[in-house]
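*Asks:* In case you want the letters, here they are:
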Amino acid sequence: MSGARAVGLPRWVLVPALVGALFVLLPLVAIVAQVDWSNFWGLITSESSRTALLLSLRTSTASTVVCVLIGVPMALVLARTSFPGQGVVRSLVLLPLVLPPVVGGLALLYTFGKRGLIGQSIEVVGTTVAFSTLAVVMAQVFVALPFLVVSLEGALRTAGERYEVVAASLGARPTTVLLRVTLPLALPGLVSGAVLAFARSLGEFGATVTFAGSREGVTRTLPLEIYLQRETDPDAAIALALVLVVVAVLVIGLARTGRTAL
Amino acid sequence: MVTMLSRRLLPALVLALLAPVLVACGGDDDGDTTLTVYAAASLKKTFEQLKADFEETHDGVTVELVLGGSSDLVSQIQGGAGADVFASADTANMDKLVGSDDQGQDPQDFATNTLEIATPPDNPAGVATLQDLAGPDVDLVLCAPEVPCGAAAQKVADAAGLTFDPVSEEQSVTDVLGKITSGQADAGLVYVTDVLAAGDTVKGIEFPESSSAVNTYPITTVKGSDHADLAGEFVDLVLSDKGQKVLADAGFGAP
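Chains P and Y are the protein sequences, given in the same order.
Following the numbering used here, the numbering of the first sequence begins with 1 at its first residue and continues without gaps.
Following the numbering used here, the numbering of the second sequence begins with 263 at its first residue and continues without gaps.
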């Protein structure tokens, strides 16, 4: 691409692009404008705020790890194999993307809840998922997993199989090919997928409130805390919302720098 | 080039963005009047009935019900949402409206509501009294103290000298009921009217301590309403014998 003159975009493209950018950015500006700066620090460092932020970071990290552990094999199967009904399977796996999170939460409830499909068998083992931090992580994985799978599957398809074929022809075993060729080539896609999954987990609200409940330090993540604070203390809700935005921007920004460095 | 472009395009852009707003301001007034009633979500069934009654006696009038949490509704009204009537589930949120001087007349109390214990139909934890809720083997779900139903639960607990240790503090009565109907939780505290509305999906257990937290519902017209007279008539209907009967049938107490 270097040296070649870029083909200019038609000017009219700028208009909808600008409208779109304004549509996304103006509400963020409005939040910043609403913040009560004189009390900002006090609002975001209150006991319940810190607890909620910490819980959000912990659960989002955990769910991102889970997403990577099960999402990478899922993306590999979708991108590198073919089996009858693959298209249907792909659509079903991506279903949480379009499902309202509340519906996702209900689905989880009817599966893993105390009286759910397999919840009773879990209870026999001696644990209940209900109202635990585990339930928060499960809700987050449910909604975030498709982001990682889509992103990685796309990267795998773009990378193609050429180098894998070469490595295999030189005698590398499938596992070696996977770990030394396939995944390193798809790493940028994996990183951006993981970041998307983390960001989605961080913002997750509907499935959590439906499936996990809301209790300080156990299941009340930052979005739930914001929603609750809004009832009595809108200033605190706005301050916390800004914190959530800043954390999300930081994560996405860090991942971008990390990706360019790769 | 971009600046030149934007200078030329900016007015068009602004106009394009404003066009829908300007059109909307024109209104689609074809003789029909729409009365917008903001009401607490717990009033859904009763106000739907009253809406039908009101429309029957007022030709060409459509009542639009906007239901939600009282605090949401107040902030929307204060933000200029264009409500004609506001019915709150508690006095605190009505006070907010009066605090910003947005009431069209003095608020009047029109109903009361008290708490009741709700359990799954088979009552797996064998709950019978308020004291049972404080037991270690009961998965109790309450509203968070920040929302009216949670504040009421707190009041009841204080009056009875009990300390509850809920497994979850939910955002709304609906969320509490959802955890109980799905069998996730053993018991919860919701309003009498919620138990009645939930039908067979939950079992309601009355307890004497509920009298320590009686929730009062006030109603008023909204200042600046385009249909102040109609709004007043709707308030009158709610306060009339007919309105009070509808509310009583749903389990509400008299003010």
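It is possible that some hints are incorrect.
[Unchecked claim] One side only, chain P facing chain Y, incomplete, derived with CB under 7 Å: (1) R90; (2) P100; (3) L109; (4) R115; (5) A130; (6) F131; (7) A155; (8) L228; (9) E231; (10) R256.
[Unchecked claim] When the alpha-carbon atoms are kept at most 20 Å apart in a straight line, the in silico SDA-like pairs for lysine to any residue are as follows: (11) Y:K485 x Y:D503; (12) Y:K465 x Y:T391; (13) Y:K417 x P:P234; (14) Y:K507 x Y:H489; (15) Y:K307 x Y:D462; (16) Y:K313 x Y:H489; (17) Y:K358 x P:P234; (18) Y:K307 x Y:D294; (19) Y:K417 x P:T232; (20) Y:K465 x P:R115; (21) Y:K307 x P:E164; (22) Y:K307 x Y:D503; (23) Y:K417 x Y:V454; (24) Y:K358 x P:D235; (25) Y:K358 x P:R115; (26) Y:K306 x Y:E326; (27) Y:K465 x Y:H489; (28) Y:K485 x Y:Q370; (29) Y:K306 x Y:T478; (30) Y:K313 x Y:G341; (31) Y:K358 x Y:K313; (32) Y:K504 x Y:T295; (33) Y:K306 x Y:A459; (34) Y:K417 x P:R115.
These aren't lab readings, by the way, just hints derived from the structure by calculation.
The beta carbon of each residue, even a glycine, is placed where N, CA and C say it ideally should be.
*Asks:* To test your reading of the hints: which numbers does this structure violate?
*Replies:* Of the numbered hints given earlier, those the structure breaks are 1, 2, 7, 10, 11, 13, 14, 18, 21, 25, 27, 30, 31, 32, 34, listed in rising order.
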